Amino acid sequence: DTGVSQDPRHKITKRGQNVTFRCDPISEHNRLYWYRQTLGQGPEFLTYFQNEAQLEKSRLLSDRFSAERPKGSFSTLEIQRTEQGDSAMYLCASSFRAGEGETQYFGPGTRLLVL
Amino acid sequence: AQSVTQLGSHVSVSEGALVLLRCNYSSSVPPYLFWYVQYPNQGLQLLLKYTTGATLVKGINGFEAEFKKSETSFHLTKPSAHMSDAAEYFCAVSGSNFGNEKLTFGTGTRLTIIP
Chain Y
1 DTGVSQDPRH KITKRGQNVT FRCDPISEHN RLYWYRQTLG QGPEFLTYFQ NEAQLEKSRL
61 LSDRFSAERP KGSFSTLEIQ RTEQGDSAMY LCASSFRAGE GETQYFGPGT RLLVL
Chain F
116 AQSVTQLGSH VSVSEGALVL LRCNYSSSVP PYLFWYVQYP NQGLQLLLKY TTGATLVKGI
176 NGFEAEFKKS ETSFHLTKPS AHMSDAAEYF CAVSGSNFGN EKLTFGTGTR LTIIP
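Protein sequence lines correspond, in order, to chains Y and F. Everything in the first sequence is counted per my numbering, starting at 1 for the first residue and increasing by one. Everything in the second sequence is counted per my numbering, starting at 116 for the first residue and increasing by one.
Because the hints were derived from the structure by calculation, they are not lab data. Computed from a predicted model, the values in this text were never measured in an experiment. Positions of the beta carbon are idealized from the N, C-alpha and C atoms, including for glycine. Be aware that a few hints might be false.
[Claimed, not checked] Here's a subset of chain Y near chain F, in silico, CB distances under 10 Å, partners left out: (1) G3; (2) Q37; (3) G42; (4) P43; (5) F74; (6) R97; (7) E100; (8) E102; (9) Q104; (10) Y105; (11) F106; (12) G107; (13) G109; (14) R111.
[As the list claims (entries may be wrong)] Covered stretches of chain F, going by a simulated chain Y footprint (3 or more residues, C-beta under 8 Å): (15) 132-143; (16) 182-191; (17) 204-210.
Generate coordinates for the entire structure from the input sequences, incorporating the hints supplied.
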């Protein structure tokens with residue numbers, strides 16, 4: 001068990017470019033969550049998967065954002081036509097659905113800066 | 116809908132003194148409550164959680180929290196602060212009738228330890 005990993009750890013891009021982030025959950029965790037954290041704030045929920053199915057998306061997730069989890073393993077989060085307001089830390093978490101009050105294990109995050 | 120309020124965005128205590136970080140929640144369903152700690156440029160690490168049962172919960176690194184339903188509170192305490200406790204602390208709530216156990220976080224409390 002090596003924990004949740006995210007790649008890249010840092011990304012600097014120019015406004016209007018597309019970016020993609022990857023999250024590798026703890027093996028055998030069937031749930032995967034994406035959160036966004038801006039400076040001075042707590043993380044905010046973006047979307048989650050149970051296995052390969054994307055079951056809920058936050059209203060924060062505009063049409064420029066898309067997430068996938070093919071085969072129920074790793075997940076990708078893509079942002080198209082980035083804007084300066086997308087600058088934030090993007091956190092991934094995974095959990096094993098074993099009843100309510102499950103523990104989510106977080107990765108180190110990907111820090112995005114849009115110039 | 117759920118929400119979390121953390122009173123005090125910054126708390127400073129002397130090394131060896133009591134640590135008290137406040138958290139109040141609002142939830143329309145029975146809540147599950149969490150405290151996470153975040154060190155600079157890292158993801159979130161679970162300190163402790165309350166799901167059901169005993170209302171006094173013990174976590175890692177000597178921290179504990181008490182769930183008080185009548186006060187809708189889940190304050191975090193540690194009897195004696197250590198320099199390594201300096202970090203940002205987030206209180207979070209989850210709980211859903213629909214299976215999505217997304218976490219709703221407070222805005223965080225930055226804890227500074229004075230030597």
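Please verify that hint: Y:E102, Cβ, nearest Cβ of chain F, below 10 Å or not.
-> Holds - the Cβ of Y:E102 comes within 10 Å of chain F, reaching about 6 Å at its closest.
When the nearest CB of chain F is found for Y:R97, is that gap smaller than 10 Å?
-> holds, 8 Å
Restraint outcome when Y:G3 is required to lie within 10 Å of chain F by C-beta distance = Interface hint status for Y:G3: holds (9 Å vs cutoff 10 Å).
Are Y:G42 and chain F close enough, Cβ to Cβ, to be under 10 Å, as the hint says?
-> holds, 3 Å
With a C-beta cutoff of 8 Å, work out whether three or more residues of the region 132-143 of chain F approach chain Y closely enough for the coverage to hold.
-> With 0 residues in contact (Cβ-Cβ under 8 Å with chain Y), the coverage given for the region 132-143 of chain F is violated.
Should the interface hint for Y:Q104 be scored as holding, given a Cβ-Cβ cut-off of 10 Å against chain F?
-> holds, 6 Å
Are Y:F106 and chain F close enough, Cβ to Cβ, to be under 10 Å, as the hint says?
-> holds, 4 Å
Is the interface hint for Y:Q37 satisfied, with its Cβ closer than 10 Å to some Cβ of chain F?
-> Holds - the Cβ of Y:Q37 comes within 10 Å of chain F, reaching about 8 Å at its closest.
Regarding the hint that Y:G107 lies at the interface with chain F, is the smallest CB-CB distance below 10 Å?
-> Holds: closest Cβ of chain F sits about 5 Å from Y:G107, inside 10 Å.
Minimum beta-carbon distance criterion (10 Å), Y:E100 to chain F = holds, 6 Å
Outcome, coverage of the region 204-210 of chain F by chain Y - at least 3 residues whose beta-carbon is closer than 8 Å to one in that chain | holds (count 4)
Hold the hint about Y:R111 up to the distance rule: shortest CB distance to chain F must be less than 10 Å.
-> Given a least distance of 8 Å, the restraint on Y:R111 holds.
Comparing the model with each earlier hint shows violations of hints 5, 15 and 16; every other hint is respected.
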